[in-house]
Amino acid sequence: MDPLDIARWQFGITTVYHFLLVPLTLGLGPVVVLFQTLYVRTGNERYLRMTKFWGKLFLVNFIMGVATGIVQEFQFGMAWSQYSRFVGDVFGAPLAMEGLLAFFVESTFLGLWIFGWGRLPKRLHLATLYAAVIGSWLSAFFIIVANSWMQHPVGVKLVHGRPQLVDIWAVLTNNTALAAYSHTLVGSLSVAGAFLLGISWYHLWRRRHDGIDTIGADKRVVVGSAPAIRGRDAADHGVWIRSLRIGAVVAIVGFGLVAITGDAQAKLMFQQQPMKMAAAEAACQTGTSFSVLSIGDVGSRDCTNVVGVIEIPGLLSFLANGDFGTTVTGVNDLLPQYQAKYGTTIPDDTKLYGAAAGTKVQYVPIMAVTYWAFRLMILFGALAAFASVVALWLTRRGTVPRSKWIMRLALLGILSPFAASATGWVFTELGRQPFVVAPNPTPGGIDGVFMFTAAAVSPGTTSGELLFSLISLGLVYLVLLVVEVALLVKYVRGGVVSAMPELGAPDRPDDHDEPRDVLAFAY
Amino acid sequence: MDILPNVWFIAIAILWIGYLLLEGFDLGVGMHMLITAKDEPSKRVMLNTIGPVWDGNEVWLLTAGAGIFAAFPFWYASLFSTLYVPLVLVLLGLIFRAVAIEYRGKRDTDRWRRVWDLAIGLGSFVTAFGIGAALALTTTGLPLDAQGNRVGGPFVWLTPVAVLGGLAVVGFCLVHAATFLALKTDGPVRERAGRIVVTWSPIALLPIVGWVLLVQFQTGGVVSWIFVVAAVVAVVLAWLAARRKLEGRAFIGFAAFLALGAASIFSAVYPVVLPSTISHAFDLTVSNASSSPYTLGVMTVVACCALPVILAYQAWTYWVFRKRISAQSLPEVHVFEPAVKR
Numbered sequence: 015m016d017p018l019d020i021a022r023w024q025f026g027i028t029t030v031y032h033f034l035l036v037p038l039t040l041g042l043g044p045v046v047v048l049f050q051t052l053y054v055r056t057g058n059e060r061y062l063r064m065t066k067f068w069g070k071l072f073l074v075n076f077i078m079g080v081a082t083g084i085v086q087e088f089q090f091g092m093a094w095s096q097y098s099r100f101v102g103d104v105f106g107a108p109l110a111m112e113g114l115l116a117f118f119v120e121s122t123f124l125g126l127w128i129f130g131w132g133r134l135p136k137r138l139h140l141a142t143l144y145a146a147v148i149g150s151w152l153s154a155f156f157i158i159v160a161n162s163w164m165q166h167p168v169g170v171k172l173v174h175g176r177p178q179l180v181d182i183w184a185v186l187t188n189n190t191a192l193a194a195y196s197h198t199l200v201g202s203l204s205v206a207g208a209f210l211l212g213i214s215w216y217h218l219w220r221r222r223h224d225g226i227d228t229i230g231a232d233k234r235v236v237v238g239s240a241p242a243i244r245g246r247d248a249a250d251h252g253v254w255i256r257s258l259r260i261g262a263v264v265a266i267v268g269f270g271l272v273a274i275t276g277d278a279q280a281k282l283m284f285q286q287q288p289m290k291m292a293a294a295e296a297a298c299q300t301g302t303s304f305s306v307l308s309i310g311d312v313g314s315r316d317c318t319n320v321v322g323v324i325e326i327p328g329l330l331s332f333l334a335n336g337d338f339g340t341t342v343t344g345v346n347d348l349l350p351q352y353q354a355k356y357g358t359t360i361p362d363d364t365k366l367y368g369a370a371a372g373t374k375v376q377y378v379p380i381m382a383v384t385y386w387a388f389r390l391m392i393l394f395g396a397l398a399a400f401a402s403v404v405a406l407w408l409t410r411r412g413t414v415p416r417s418k419w420i421m422r423l424a425l426l427g428i429l430s431p432f433a434a435s436a437t438g439w440v441f442t443e444l445g446r447q448p449f450v451v452a453p454n455p456t457p458g459g460i461d462g463v464f465m466f467t468a469a470a471v472s473p474g475t476t477s478g479e480l481l482f483s484l485i486s487l488g489l490v491y492l493v494l495l496v497v498e499v500a501l502l503v504k505y506v507r508g509g510v511v512s513a514m515p516e517l518g519a520p521d522r523p524d525d526h527d528e529p530r531d532v533l534a535f536a537y
Numbered sequence: 015m016d017i018l019p020n021v022w023f024i025a026i027a028i029l030w031i032g033y034l035l036l037e038g039f040d041l042g043v044g045m046h047m048l049i050t051a052k053d054e055p056s057k058r059v060m061l062n063t064i065g066p067v068w069d070g071n072e073v074w075l076l077t078a079g080a081g082i083f084a085a086f087p088f089w090y091a092s093l094f095s096t097l098y099v100p101l102v103l104v105l106l107g108l109i110f111r112a113v114a115i116e117y118r119g120k121r122d123t124d125r126w127r128r129v130w131d132l133a134i135g136l137g138s139f140v141t142a143f144g145i146g147a148a149l150a151l152t153t154t155g156l157p158l159d160a161q162g163n164r165v166g167g168p169f170v171w172l173t174p175v176a177v178l179g180g181l182a183v184v185g186f187c188l189v190h191a192a193t194f195l196a197l198k199t200d201g202p203v204r205e206r207a208g209r210i211v212v213t214w215s216p217i218a219l220l221p222i223v224g225w226v227l228l229v230q231f232q233t234g235g236v237v238s239w240i241f242v243v244a245a246v247v248a249v250v251l252a253w254l255a256a257r258r259k260l261e262g263r264a265f266i267g268f269a270a271f272l273a274l275g276a277a278s279i280f281s282a283v284y285p286v287v288l289p290s291t292i293s294h295a296f297d298l299t300v301s302n303a304s305s306s307p308y309t310l311g312v313m314t315v316v317a318c319c320a321l322p323v324i325l326a327y328q329a330w331t332y333w334v335f336r337k338r339i340s341a342q343s344l345p346e347v348h349v350f351e352p353a354v355k356r
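Residue numbers (my numbering), protein chains in the order written: chain A, 15 to 537; chain B, 15 to 356.
By construction, these hints were calculated from the structure, which means they are not laboratory data.
Among the clues, some could well be false.
Under the rule of at most 25 Å between Cα atoms (straight-line distance), these lysine to aspartate or glutamate pairs were calculated in the DMTMM-like manner [said to hold, decoys possible]:
#, chain 1, residue 1, chain 2, residue 2
1, A, 365, B, 159
2, B, 355, A, 347
3, A, 504, B, 131
4, A, 504, B, 124
5, A, 374, A, 347
6, A, 365, B, 297
Some chain B residues flagged as far from chain A (calculated, every beta-carbon gap over 10 Å) [stated by the list, open to error]:
#, residue
7, 79
8, 82
9, 92
10, 93
11, 98
12, 120
13, 121
14, 208
15, 223
16, 232
17, 243
18, 270
19, 301
20, 337
21, 346
22, 351
Every residue gets a Cβ at the ideal spot worked out from N, C-alpha and C, and that includes glycine.
Build the full structure now, drawing on both the sequences and the hints.
Pasting the structure below:
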């Protein structure tokens, strides 16, 4: 196998995996902040329970994001040394800033938060969580800035064939980055929203199933308690219904903003990476129509067999430009433009391009992937938004229906925004091909600042090494995913008491005789 | 001569020293959990000495890596791609270790804990060894061609120097962690850790001394020899302090030994950041591997603003958790009946 292909699979797998974990961290963080803030302000014990329970799940997931994030940073140098040399003057800076300005804050203050219960004053303890969550959001910003520079390079000049940074501010305020960052963050909020919704639904359903909560004559919930089960008291109901409602609202608001930011991002993309958007639409011909369904060989990369079955006239123009009349250039017209600008073949330099040297450049991304990933992203997002609205209505009596199937759907719904975010990344990264650094065709772009993915891989690295890392990382990731999910399931089943040992614990008189300085939490 | 690349050479040295000093004891504690701890209470005591701080310490590695990428992209590209195999092992070690620290206490069975203990111990060992090998190789050379690409196969890095560097960092981490445990715990762990420092440090620190001397005889100068002498003084004082059970002084002494020893290495190799064993014409140096003055300027401003603040809040973390930990100060393992039964 070609080292290039293995390196690409490895980067794709490790990145998509990393980004299954990260949105939950990014989205759940602010939610836990909200709960703890409410607790500190109101002193209401319900919010303490919410903080502890969701905080526990947050931490189980957080560590996996940290562990898999290190791989990303090392991978550029290990498998993509030519890329690292080419972009090093620009690309390393946001990564180093991420470490210095964000990741240190995130990690240090999260440690303080985990172990600081009962040790730090309440408000200071809350502040450490604020710092950690702000750190994680900042961290995402710098990473998106780095990624967006690959999508749309700005702020550089070309010196000896390499881009050299001339304006860090332009890189940090790259409109591609601002659009992608906001899109990613609000998407993460909806991930967290659906997570809260599904798990809370499960507990409310369980309380009804166990006969704890019932529906009274006035069609409202009658909240009960089960003294035999620790933590299953009346306040427990409040924890779940409040979490469910907040989750649903967060998800709905998140999705609304996802649509708005996604639209902004798409409009930029039509200008900055026209081929990516044309491929997303399987828009072979120049025109104005949005394809709802295209058949034929969408996977072929020359557009000869693609037939639009259902098309909405004018919608594509609206997506691209906000009106219904602007024609959007299709793949068939874009292709000659790309070939004229960036060449028809990869330069015949085996030192740089290895096996790909001299081969024809395939400017059309794999349309079957871009077309379907783009549609699945929207579908999964819309599905979760719709489900959240339905969920609010179904819980109007103060609890959930007794139906086991709806409960299962609510749990399954957790996966939907995850799928939307994964397909979104697959679309945008695959749609950038054949470039690792896409050229910037807008007026501010500098000629020559682009790089073919085929030129980016480490020249000396062998297929064997890459296979070794791909397989070992893949296996480890698989095992750890099973472990993480198993632990999440364990804590979810446990309910609030799983995160609060003190909840419903019988008083032990011997503890009062001899006060010891016991940590509130320890590994 | 541009000043900024030199500033960044020093900055990278500081980041690596910071990393070795802070994660040094985390990695060492991980290894001690496997080889020194006799029973479950001792293991838990050990783990919880690094509990609140280990993740923040690990960021020093990421920042050192990203700092090299930003300031010396050619060094980053050549070093990381040449050391592909050992760095994969380091990554696997770091992943296992991180997850293990967080997950170990999350289920109350011996088997569960045994598996994660192994992950913490071996993960720490592999990480320390791999980082040590990488640092030793970047100070002594790798077979690089004119483009900075590796000449030879995936295992061309596996030399006696790599092993020496690996053992050097492993040995240091073990000693450093033992002084840390003596300082941070009470009870049997403290006693045992203190004895380990006195008995084993003269042997465990031999590889790092070997690495320091190797670099000195290769390219040492007056400045680097001064650092060597200072390091030797520090380590002797540290050992004497450890013998007199002055735990704080011993800890500071061994930390100073590492900082001075690393300083002697960095100052000896300067201005070369990664020599080529094929031809010195292909050496990567502070000037030919660095980023543009503009990029370095931006990064200098960021680092100068950020580093003092980072040091301040990390120091505060240690202050908050300054109490010694003993088996009595740990809460019981939290066993709960699930609210939802199958």
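Assertion that residue 82/B lies outside the chain A interface [Cβ separation over 10 Å]: violated, 8 Å
10 Å Cβ clearance of residue 270/B from chain A: Since the minimum Cβ distance to chain A is about 24 Å, residue 270/B lies beyond 10 Å and the statement holds.
Whether residue 120/B stays farther than 10 Å from all C-beta atoms of chain A, as the label says: violated, 6 Å
Minimum Cβ-Cβ distance from residue 337/B to chain A exceeds 10 Å: violated, 7 Å
Straight-line alpha-carbon gap residue 374/A to residue 347/A, limit 25 Å: This hinted pair holds, its Cα atoms lying about 18 Å apart.
Status of the stated non-contact between residue 93/B and chain A (beta carbon gap over 10 Å): Nearest chain A Cβ is 7 Å from residue 93/B, so the label is violated.
Given hint residue 347/A paired with residue 355/B - CA-CA distance at most 25 Å: violated, 62 Å
Distance rule for residue 121/B, whose beta carbon must clear each one in chain A by more than 10 Å: The claim is violated: residue 121/B sits with its nearest Cβ about 7 Å from chain A, within 10 Å.
Given pair status - residue 124/B, residue 504/A, alpha carbons within 25 Å: holds, 18 Å
10 Å cut-off, C-beta based - residue 79/B kept clear of every residue in chain A: Incorrect as stated: the minimum Cβ-Cβ distance to chain A is 6 Å, not above 10 Å.
Reported absence of residue 232/B from the contact zone with chain A (all CB gaps over 10 Å): Since the minimum Cβ distance to chain A is about 25 Å, residue 232/B lies beyond 10 Å and the statement holds.
Separation of residue 98/B from chain A, once the least beta-carbon distance is taken, above 10 Å: At about 5 Å from chain A, residue 98/B fails to clear the 10 Å cut-off, so the statement is violated.
Going down the numbered hints, you'll see the structure goes against 2, 7, 8, 9, 10, 11, 12, 13, 20, 21, 22, while the others check out.
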